[in-house]
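Peer 1: Take a look at the letters that make up each chain.
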Amino acid sequence: DAKTTQPNSMESNEEEPVHLPCNHSTISGTDYIHWYRQLPSQGPEYVIHGLTSNVNNRMASLAIAEDRKSSTLILHRATLRDAAVYYCILRANSGAGSYQLTFGKGTKLSVIP
Amino acid sequence: EAQVTQNPRYLITVTGKKLTVTCSQNMNHEYMSWYRQDPGLGLRQIYYSMNVEVTDKGDVPEGYKVSRKEKRNFPLILESPSPNQTSLYFCASSLVSSYNSPLHFGNGTRLTVT
Numbered sequence: 003d004a005k006t007t008q009p010n011s012m013e014s015n016e017e018e019p020v021h022l023p024c025n026h027s028t029i030s031g032t033d034y035i036h037w038y039r040q041l042p043s044q045g046p047e048y049v050i051h052g053l054t055s056n057v058n059n060r061m062a063s064l065a066i067a068e069d070r071k072s073s074t075l076i077l078h079r080a081t082l083r084d085a086a087v088y089y090c091i092l093r094a095n096s097g098a099g100s101y102q103l104t105f106g107k108g109t110k111l112s113v114i115p
Numbered sequence: 082e083a084q085v086t087q088n089p090r091y092l093i094t095v096t097g098k099k100l101t102v103t104c105s106q107n108m109n110h111e112y113m114s115w116y117r118q119d120p121g122l123g124l125r126q127i128y129y130s131m132n133v134e135v136t137d138k139g140d141v142p143e144g145y146k147v148s149r150k151e152k153r154n155f156p157l158i159l160e161s162p163s164p165n166q167t168s169l170y171f172c173a174s175s176l177v178s179s180y181n182s183p184l185h186f187g188n189g190t191r192l193t194v195t
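Here the protein sequences come in this chain order: Z and V. First residue of the first sequence? That's 3 in my numbering, and the numbers climb one at a time after it. First residue of the second sequence? That's 82 in my numbering, and the numbers climb one at a time after it.
Next comes chain Z alone, as it looks inside the complex:
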């Protein structure tokens, strides 16, 4: 899997929007961008994924740069329950490699009441 770069940590005030950046300058044309998060004492959970277009779901939004070399996970109103480590992962769209996911160190998000 191609490499991603994320800030080690970020802080947000409760009920404010949060923009979590991810750089993936070596992304291939067929790699999907996936985001997972890991709450304290739990396994990672899926958040969202996309290829080229921006994506929305009930948890978050994903904004993908036009050149696909970066993306941003957007939490529209951070709550204390959103405090977690967020992982940005590139996933090949075919073959066994699509299941060999590389989780980097992620971004630890702290939410301040």
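By construction, these hints were calculated from the structure, which means they are not laboratory data. A couple of the hints might just be wrong.
[As the list claims (entries may be wrong)] Here are the computed lysine-lysine pairs in the BS3-like style, where the Cα-Cα straight-line distance is at most 30 angstroms:
| id | chain 1 | residue 1 | chain 2 | residue 2 |
| --- | --- | --- | --- | --- |
| 1 | Z | LYS110 | V | LYS99 |
| 2 | V | LYS138 | V | LYS99 |
| 3 | V | LYS146 | Z | LYS5 |
Fit chain V to the supplied structure of chain Z, relying on the hints for placement.
Peer 2: Here is chain V on its own, set in the frame of chain Z:
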């Protein structure tokens, strides 16, 4: 409830004493995988399985074995555990039919080898 169940949640053992960590999923997923998580190193894949009787090495397979005799179960075996295998272990599963199916993770097994 759809879930991935790992047992035990906590395990303390001694060097060289064989152990098995079980993983079971109730979602009829073909793909299953084991990860270990260590401070400063993130999650690293140990082994994965695309279906029954099909397993393959991940990034850090040394010292581990797996088997996939049934679709729902994917045990992780440490034949001779060593202290450097002290870690937090996660099992995950996913559908194979769609390459973008989300991974579902268990809640982890914290292993300490003394």
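Peer 1: Going straight from one Cα to the other, do LYS138 (chain V) and LYS99 (chain V) come out at no more than 30 angstroms?
Peer 2: holds, 20 angstroms
Peer 1: Does LYS99 (chain V) lie within 30 angstroms of LYS110 (chain Z) when you go C-alpha to C-alpha?
Peer 2: violated, 35 angstroms
Peer 1: Given the proposed pairing of LYS146 (chain V) with LYS5 (chain Z), does the C-alpha separation stay at or below 30 angstroms?
Peer 2: Status holds; Cα separation ~27 angstroms.
Consistency with the previously given hints fails for number 1 only.
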